[in-house]
Amino acid sequence: AQTVTQSQPEMSVQEAETVTLSCTYDTSENNYYLFWYKQPPSRQMILVIRQEAYKQQNATENRFSVNFQKAAKSFSLKISDSQLGDTAMYFCARGSQGNLIFGKGTKLSVKP
Amino acid sequence: DGGITQSPKYLFRKEGQNVTLSCEQNLNHDAMYWYRQDPGQGLRLIYYSQIVNDFQKGDIAEGYSVSREKKESFPLTVTSAQKNPTAFYLCASSMGSSGGGNEQFFGPGTRLTVL
Numbered sequence: 001a002q003t004v005t006q007s008q009p010e011m012s013v014q015e016a017e018t019v020t021l022s023c024t025y026d027t028s029e030n031n032y033y034l035f036w037y038k039q040p041p042s043r044q045m046i047l048v049i050r051q052e053a054y055k056q057q058n059a060t061e062n063r064f065s066v067n068f069q070k071a072a073k074s075f076s077l078k079i080s081d082s083q084l085g086d087t088a089m090y091f092c093a094r095g096s097q098g099n100l101i102f103g104k105g106t107k108l109s110v111k112p
Numbered sequence: 113d114g115g116i117t118q119s120p121k122y123l124f125r126k127e128g129q130n131v132t133l134s135c136e137q138n139l140n141h142d143a144m145y146w147y148r149q150d151p152g153q154g155l156r157l158i159y160y161s162q163i164v165n166d167f168q169k170g171d172i173a174e175g176y177s178v179s180r181e182k183k184e185s186f187p188l189t190v191t192s193a194q195k196n197p198t199a200f201y202l203c204a205s206s207m208g209s210s211g212g213g214n215e216q217f218f219g220p221g222t223r224l225t226v227l
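Chains S and H are the protein sequences, given in the same order.
Read in order, the letters of the first sequence are residues 1 to 112 in my numbering.
Read in order, the letters of the second sequence are residues 113 to 227 in my numbering.
Everything labelled a hint here was simulated from the structure, so no lab data went into it.
Treat the numbers as computed from the prediction; the structure is a model and nothing was measured.
One or more of the hints may lead you astray.
Only pairs whose alpha carbons sit at most 20 Å apart, straight line, appear in this in silico SDA-like list of lysine to any residue [unchecked claim]:
1. H:K183 with H:Q168
2. S:K104 with H:R223
3. S:K104 with H:P151
4. S:K104 with S:D81
5. S:K55 with S:D26
6. S:K107 with H:D142
7. S:K104 with H:R156
8. S:K107 with S:Q83
9. H:K183 with H:D150
10. H:K183 with H:S134
11. S:K73 with S:T20
12. S:K104 with H:Q153
13. S:K104 with H:G154
14. S:K104 with H:T198
15. S:K104 with H:G152
I would like the entire structure built from these sequences, with the hints used as guidance.
Structural data, given as structure tokens:
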């Protein structure tokens with residue numbers, strides 16, 4: 001089965017510091033899309049960032065950026081200047097045919 | 113405001129009863145999805161539909177059924193055949209295929225508890 005693996009079930013970071021969440025995936029496709037979603041305590045899922053596999057440039061969205069290593073099938077999320085509002089579950093996902101395959105998530109706690 | 117609504121927010125069911133979870137979107141999206149979320153399991157796909165009157169099984173479709181009679185609506189029925197239905201259920205929609213990079217937009221979820 002094609003899978004998405006998030007090896008860090010829980011992480012914590014001090015406010016204003018930088019944290020990196022890891023994600024690896026399986027695929028036999030050459031072009032595909034990768035996503036990071038955030039689920040805060042309200043449980044509302046929100047897209048954080050998206051990366052197209054054939055684009056070598058890493059995607060960035062304000063304080064959020066990715067380190068995409070296609071050969072290693074790695075897609076980590078870096079959060080800079082962490083804020084209390086970043087406390088959430090973070091899910092990595094890969095586009096597959098008509099839908100998404102999600103990892104099991106990393107619970108991030110930002111401490112004041 | 114455009115978005116996805118799910119109702120009810122909390123739902124209680126007795127064992128042996130079928131129950132239907134509502135999902136409506138006014139984003140004019142073609143594709144809709146149902147996920148189940150359990151602690152430590154991430155999101156698992158139950159069913160998805162890319163067009164009206166057509167839908168496909170996901171990874172954990174057993175004990176569930178869906179219909180897609182209208183573009184805006186994708187109700188999920190949890191049947192008595194589902195052995196462990198207590199979970200958080202999320203509905204999502206997208207303009208096109210997520211395999212093609214389209215973002216999925218999520219509803220607020222329904223928490224189903226079997227008594």
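Hint-by-hint comparison with the structure:
1. H:K183 with H:Q168: holds (15 Å)
2. S:K104 with H:R223: Satisfied, since the Cα-Cα distance of roughly 19 Å is no more than 20 Å.
3. S:K104 with H:P151: holds (9 Å)
4. S:K104 with S:D81: With a Cα-Cα distance of about 25 Å, the restraint between K104 (chain S) and D81 (chain S) is violated, given a limit of 20 Å.
5. S:K55 with S:D26: holds (18 Å)
6. S:K107 with H:D142: violated (32 Å)
7. S:K104 with H:R156: Status holds; Cα separation ~9 Å.
8. S:K107 with S:Q83: holds (15 Å)
9. H:K183 with H:D150: violated (28 Å)
10. H:K183 with H:S134: Cα-Cα ~13 Å, so holds.
11. S:K73 with S:T20: holds (16 Å)
12. S:K104 with H:Q153: holds (5 Å)
13. S:K104 with H:G154: Roughly 4 Å separates the two Cα atoms, so the pair holds.
14. S:K104 with H:T198: holds (18 Å)
15. S:K104 with H:G152: holds (6 Å)
In summary, the numbered hints that this structure violates are 4, 6 and 9.
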